[in-house]
Structures are given as C-alpha cells and as structure tokens.
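Could you put the whole structure together from the sequences, leaning on the hints where they help?
2 protein chains.
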Amino acid sequence: MTNWHALIREQIAKERSAAVELLQEWVREPSVQGEERSIQEKIAARLHAMGMDVDMWVMEGEELLRHPYFVSPRTDFSASPNVVGVWKGTGGGRSLILNGHVDVVPAGDPAQWTHDPFSGEIVDGKLYGRGSTDMKGGNLSSLLAIQVLKALGVRLKGDVIFQSVVEEESGGAGTLATILRGYKADAALIPEPTNMKIFPKQQGSMWFRLQVKGRSAHGGTRYEGVSAIEKSMQVVYAIAKLEKERNERITDPLYAKLPIPIPINIGVIEGGKWPSSVADLVKLEGRMGVAPGEQMEDAKREMAEALADLAKQDPWFAEHPVELEWFGARWVPGDVGEDHPLMEILQQQFLQVKGERAVVEASPWGTDGGLLTALADTPAIIVGPGTTAIAHYPNESVELDAVFQCAEIFALTMMEWCGVEEA
Amino acid sequence: MTNWHALIREQIAKERSAAVELLQEWVREPSVQGEERSIQEKIAARLHAMGMDVDMWVMEGEELLRHPYFVSPRTDFSASPNVVGVWKGTGGGRSLILNGHVDVVPAGDPAQWTHDPFSGEIVDGKLYGRGSTDMKGGNLSSLLAIQVLKALGVRLKGDVIFQSVVEEESGGAGTLATILRGYKADAALIPEPTNMKIFPKQQGSMWFRLQVKGRSAHGGTRYEGVSAIEKSMQVVYAIAKLEKERNERITDPLYAKLPIPIPINIGVIEGGKWPSSVADLVKLEGRMGVAPGEQMEDAKREMAEALADLAKQDPWFAEHPVELEWFGARWVPGDVGEDHPLMEILQQQFLQVKGERAVVEASPWGTDGGLLTALADTPAIIVGPGTTAIAHYPNESVELDAVFQCAEIFALTMMEWCGVEEA
Numbered sequence: 001m002t003n004w005h006a007l008i009r010e011q012i013a014k015e016r017s018a019a020v021e022l023l024q025e026w027v028r029e030p031s032v033q034g035e036e037r038s039i040q041e042k043i044a045a046r047l048h049a050m051g052m053d054v055d056m057w058v059m060e061g062e063e064l065l066r067h068p069y070f071v072s073p074r075t076d077f078s079a080s081p082n083v084v085g086v087w088k089g090t091g092g093g094r095s096l097i098l099n100g101h102v103d104v105v106p107a108g109d110p111a112q113w114t115h116d117p118f119s120g121e122i123v124d125g126k127l128y129g130r131g132s133t134d135m136k137g138g139n140l141s142s143l144l145a146i147q148v149l150k151a152l153g154v155r156l157k158g159d160v161i162f163q164s165v166v167e168e169e170s171g172g173a174g175t176l177a178t179i180l181r182g183y184k185a186d187a188a189l190i191p192e193p194t195n196m197k198i199f200p201k202q203q204g205s206m207w208f209r210l211q212v213k214g215r216s217a218h219g220g221t222r223y224e225g226v227s228a229i230e231k232s233m234q235v236v237y238a239i240a241k242l243e244k245e246r247n248e249r250i251t252d253p254l255y256a257k258l259p260i261p262i263p264i265n266i267g268v269i270e271g272g273k274w275p276s277s278v279a280d281l282v283k284l285e286g287r288m289g290v291a292p293g294e295q296m297e298d299a300k301r302e303m304a305e306a307l308a309d310l311a312k313q314d315p316w317f318a319e320h321p322v323e324l325e326w327f328g329a330r331w332v333p334g335d336v337g338e339d340h341p342l343m344e345i346l347q348q349q350f351l352q353v354k355g356e357r358a359v360v361e362a363s364p365w366g367t368d369g370g371l372l373t374a375l376a377d378t379p380a381i382i383v384g385p386g387t388t389a390i391a392h393y394p395n396e397s398v399e400l401d402a403v404f405q406c407a408e409i410f411a412l413t414m415m416e417w418c419g420v421e422e423a
Numbered sequence: 001m002t003n004w005h006a007l008i009r010e011q012i013a014k015e016r017s018a019a020v021e022l023l024q025e026w027v028r029e030p031s032v033q034g035e036e037r038s039i040q041e042k043i044a045a046r047l048h049a050m051g052m053d054v055d056m057w058v059m060e061g062e063e064l065l066r067h068p069y070f071v072s073p074r075t076d077f078s079a080s081p082n083v084v085g086v087w088k089g090t091g092g093g094r095s096l097i098l099n100g101h102v103d104v105v106p107a108g109d110p111a112q113w114t115h116d117p118f119s120g121e122i123v124d125g126k127l128y129g130r131g132s133t134d135m136k137g138g139n140l141s142s143l144l145a146i147q148v149l150k151a152l153g154v155r156l157k158g159d160v161i162f163q164s165v166v167e168e169e170s171g172g173a174g175t176l177a178t179i180l181r182g183y184k185a186d187a188a189l190i191p192e193p194t195n196m197k198i199f200p201k202q203q204g205s206m207w208f209r210l211q212v213k214g215r216s217a218h219g220g221t222r223y224e225g226v227s228a229i230e231k232s233m234q235v236v237y238a239i240a241k242l243e244k245e246r247n248e249r250i251t252d253p254l255y256a257k258l259p260i261p262i263p264i265n266i267g268v269i270e271g272g273k274w275p276s277s278v279a280d281l282v283k284l285e286g287r288m289g290v291a292p293g294e295q296m297e298d299a300k301r302e303m304a305e306a307l308a309d310l311a312k313q314d315p316w317f318a319e320h321p322v323e324l325e326w327f328g329a330r331w332v333p334g335d336v337g338e339d340h341p342l343m344e345i346l347q348q349q350f351l352q353v354k355g356e357r358a359v360v361e362a363s364p365w366g367t368d369g370g371l372l373t374a375l376a377d378t379p380a381i382i383v384g385p386g387t388t389a390i391a392h393y394p395n396e397s398v399e400l401d402a403v404f405q406c407a408e409i410f411a412l413t414m415m416e417w418c419g420v421e422e423a
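Chains as they are written, first to last, in full-length UniProt numbering: chain A, 1 to 423; chain B, 1 to 423.
As the list makes no split between identical chains, a pair holds if one copy fits it or if it spans any two.
Straight-line Cα separation of at most 25 angstroms, SDA-like style, residue types lysine to any residue; simulated pairs:
1. K241 to W316
2. K213 to Y223
3. K213 to K241
4. K150 to D186
5. K197 to V105
6. K273 to N395
7. K157 to Q11
8. K213 to V105
For the record, the hints were derived by calculation from the structure and aren't laboratory data. Here the structure is a predicted model, which means the values were calculated and not measured.
As structure tokens, this is what we get:
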C-alpha cells in the first residue's frame, strides 16, 4: 500500500524552495484594496499552468451591489478581479472549496517596520511583510496542497475549487461574488491565520456609529450646558453592560478559553471642537461581535434596546436619544457542527502530521466562511498558519514551517474528503 | 449747581443716532484674528478727531514674545495694530483706563444666523452681528462717555486712557503689549458683556491637553488590549473630582450664585482610528478655571497631582501616566477688593442712572483685567452691556439702551474718579 503521507512530505520538501520564492513574490505585491489586479493575474496564470480551469472576472452588477450581504466602501472593482481555479474531479467524490483572500490592509507607518512592509524578507524561518500572515501564507498552503497532489499523479474524485478573492478585509464582497457566480461545494477550508487551531465556528461582527448629544455652553459656565462627553460615558457604560449580558448567554465550550467570546469594542471617539466650550456632540464608532448561530438582526435589536433603556436612568436621553447607525464592514457568523465529517478528517490528518491533537475553538473574528455557510450551503472551517496577533500590525510575519505543515495537512485532507480514483 | 447727570443724559440722546451708526460701522468690520487693521485705523482716526493723543502700533519684539504671560497662536501682528488714545487730565486727579478688545471670534456657520453675521441689522432695539455683544457695544459705551464729557466742556483732572486692543480672544497679548509699552493707571474699567453686573473679581482660566494611553488590539479580542477610551473615562472622573474639591474651597459670597464657581471643562475628546481596533490613544482638551487670587502655577500643580493620583487606583496609569500639557489661551484671574474706591463710585452712579442697586458678582470667565491688575498695578473692574450667553454664538446681539446707559454711568464715574477742574 502506497504511503501517501511520506510521498506528500517528500514532494513538499522538493518544492519548498520554489514555494518560498512564490510566497515572497506574492508578499512583494502590495495588494491593498484597489491594487489586487497584478497579484490576481499572476495567480490566474499559475493556476492555468497547473492545468486548472481558470475563471477571472471583475465583479459588478445590481444582483451583487443590491445584495443584502453586500458591504464595501466602493462599487467599482475593475482593478480588483476575483480568481477561481477548478480542479475537476473524476466524479463521485465530495467537492471542496479552498478559499483565501489576497487583499491586505495598509502597511501603516513604514518607520514602524524593521524591513520594508513589502519586502518578503526571511529571518529565522519567518517571512516578513504585510499580508504574510493574513493570509498569503495560508493561500500558499492551499495552492501547494493541490500542486503536490497533481505532481504525485493523484486523481481526486471530487472537485477542488481554489478561490483567490478580493475584499475580505472590507466585509466579503469578493466571496459573495463567487457565490452569486454559482460556486459552491460540499465543504470549504479557509486558511486564515488561526495558528493551526481549528475553528468550526466563527464570530460574526458588524460596525456601528453612535451620535451622543449634548448642549453647548461656555466652559466657564459649563453648568448651563450639557456635556456630550459626560453623556457618552453613560453610553459606554450601557454598552459594557450589554456586552456582559450577551456574553453570559454564551455557554458553548468552544468559547471556554475566551475571556469575552463576543466582544463589543468601541474603537473611535470624537467630540467637541473647542477646549472652553461644552461639547454638544460626541461620535462613537465600534464593532459588535455576533455569536455563531445568532441572527444579525437580533443583535442589532439588542443594541437599539440597550440605548433606548438609557432614557429610563436619565431623562436627557428621552429627549435626546442616542442615534444608532450600522455602517461599513460586516461579517456573517459561521457555524459548522463539531461532528461534521470534514472536522473529523481534518483532526485525523492534523494528528498524523503534527503528532498531537488539534486545538478546536471558536474564532473571535469573522471570515468569509460565514457567507459560504449561510448563502452557499457550504460549511466552512477555518484553519491556517500564522497568528492574528500580528496581522494588521507592523512587522507582520509568517512561520514558513507552519505554512508547509498546513499544506501537508490540506493535501491529506483533500484525499480523504474528495476521495481518490485508483489508477 | 450744574446738574451734570441731566446734561450728560441729554447729550447722549443728541448723539445717539450717530453713535448707533458708528456701532453698525464697527460691527460691519469682520475683525477676526488677523483682520483688525481696518477697524483699528478707523478708531485711531476718530480718537484723533476727538482731540486725543493717539498711539497706534504693531506689537512685536522679544520682550513681548518671551514674556511669561504672552499667549497667542501667532507671533506676527502686522495686520493687527493696537490703538491707545489718551485724554490728558489737568493734573491732580486719578487716572483711568477704559480697555476693550476689537477682535471677535469667527462667525461660524452663516446658515445659523438670521441676518448676515456682519450686517449690524437692528431689530426691536437690538443690534445684531458678531462682536456686537463681545464687545464692540461696550467699546462704544467707553468712547461715547469721553465724547459726551468733551462735548460738555468737562475738564477732568486725571488722565483717561482709551485702549482698543487686539488678541483678547486668544489670551490677552494686545493688553500685555499696552502694559509693556508703559500704559498704566490708578484703575481700569472693561465693558465686557456682564449684563451690567459689576465684577470686581474675575475667574482666570487656562487650557490643557491630556494624552491618555492604551494598547491596541483587534476588537474581536479586545481583552488582549487596553482601551484608551475606557481609561479616559477614569481620567474624566478624576478631573470631575478635582473640580469638586477646588470648588468646595471657594467661600467668597460673590460666587454664591454660581453652581460651579471655577469649573473645569473638558471640551474636546478624540481617540482611536478604527471601529474594530482597541484605541491606543485618546486626546482630551479642556479649560481649567482659576480662582481670583489663586496662582496659576498652584492650579497647574493640582491638576498634575490629580492625574498622578490615578496611578494609586490603577497600576496601568503608573506605567502609562497621562501626559499633561498647558497650551493655547490663558487668562490671568483678577481680584479687586469690593471696598475699592472705584467700586463705591461705580455703584453710586449705577444707582443714580438705573434707579436700582447694581448686582456685584465674580465673573465666571477671564478678561484682560487680570493682566492689568497683576502686571500693571491697575485694578480692573468689569462691567458692560450685553450678555455672555449669546457671545460666540449665532445671532449675537446687543441691546442698544444698555449701551447708552453704560455710557451714562461711565461718564458720571469718570467725573467722580478723575475729578473735575472747575472752570
């Protein structure tokens, strides 16, 4: 009997050096929002060279732009094509989507980086650069898994659909467009940076903006006014209370290790214009976590109720209610049962490759997996190299060994999940 | 015996129509910071025509710019001359400064004004426009008082020094420059808008900026960070506590009617950059009231101590102390004894003109009077037409009757204070 695991490991070792160069090439592409065409064309060409059916298109049209799950600060994606490559199976097997995004968040202040943010420098086994962890490293794991199986002459029964999408960092319009284009599968893997923890459940999230009102006055007679800054402190407290109540309801053991499973974060505060005037308006912006399985509309209603309740403790809020607006990014929560067959296969292969049991948790942030699960009937599981702790920060990096271990686990998982046509 | 009061009232009535036109002309000059030359040249010409010794100059030089009380966002005043006119007395009397500023705060959004902010429209006995109350109306009272006495052939024994200064709204560099140029007197009147209350004491004030630190993290794992927004709530609370302690010490009956005699106002809050990130920095800007007779350095020290005390309740602040900076505007507190002879004279003339006793209080805001009292040995009393409630706001206006009553009171007060050389 063929020892596929040994062959896969050996093949990865052979391809490692070229694969590292490929990842460097990807990281050197500054594929921030609106700048994804160059890397996508390279990926499309590569998938084509690997013998896959390649679909590269610019998403557009009313069906997308008016879709209730469409979220993006823009409507013109001409510089940001989506790419999908299909490795057609021989038939009779389960299909698998390997989804990953190529858009990266801005590099921020280059002075805070030790190396150039788009250098792809390698130091002590880590490859540095914006997007290395989030999530070009993971994308390489997926691509390499396919490449290795093809090199070894493996013929899968089920289809493998490699998706290189845009717009994940802005709420998932790229993956939404693949769904509207008809792509779906029996399951999906998304190698977002989980530090190789397996996340069958993902927290959703959405952004809110609050306007807290006051009444202006001269600072020397501040008692003649009402400070929107003081009132906003009551609002921050009310939101902390809501966060506590919502989290006390979370009993899922997958969340046991998280101090606050579904946080509500107030990230921006801005109000008042003059040191010696009483502020008449404070704007707060934040992110509300949504539990796996929770309807986003229910979470929105709870927020609106918590703000309305402020009127009970302070008549000011009865006459000047806090204005609530949902804006900007939104990620649908995802929820795949822990007993899902892909979960079982994934954990077996993890154990085989790493020699230890995988940690199974629920993710504290949203991914495109929520859309795949909710809209495409494609249960999505999140597992990949890299850690979120350094995503979006200066000196983002990914550990190369983890990238190749993930490729090994993915290749074995694909064989088990999709099935292999014997020669 | 001549009934001077009747003569003065009669003369004011004669000059009223021309004086209203003059006030309109002044209000039509948009003398915001950096745009004061035009009105100052007109005032200088008028003082000259009235037979006064006129001194118009552009303040400059190291003595001014390096003076510990110099505060201004600019150092070039070439578009903003100061004007002083001296009516020399016959000798042997007490001298008097009539100080007022011509700089006005910006008009703000014109859409919030019923009339053009620089129209000088008159409706129902009120003259509308930016600067009408603060304080061109009061300046007219001073000028008219001199004009009327001169018209009546009154010869005062003491000098009268009419000061039309710039930069009051930015902290008093204009009045500071008159002091450095050598102008001083036995007392001063400043017709800021007190609604004709007499303020022998004035609250000083100064601006502060605080930087409250946090540690960034992704909003989905906000417990890995430290929210500068939450920390800033502790800072706001600590400042409220300091305000309470400072005000409990104020026992002066002149402050009895003010709910908070020397408020600390936090007017601006700004922090965080992204709804789904934990804010790592919040900036707070505010105004600290300084009690009459209090040293500004003592008030600064109390603020620094209150912020340092935060470390006792929360170790975060021990490692990340709140940064305190004093910036921008500053007004020195003023403190003239209620038994000062000018107080007595002023109240007598008020009673004579208005038929009721004047209200004596302490001002909730600073004026240039603090500088005159502290640096020029010139006790300054604040009393004038108009109300601060509408100063700095849209539809600022001044009641014309109050302007002319103030002129009447000032003319009588000048005769009593400076003394009259009998013909």
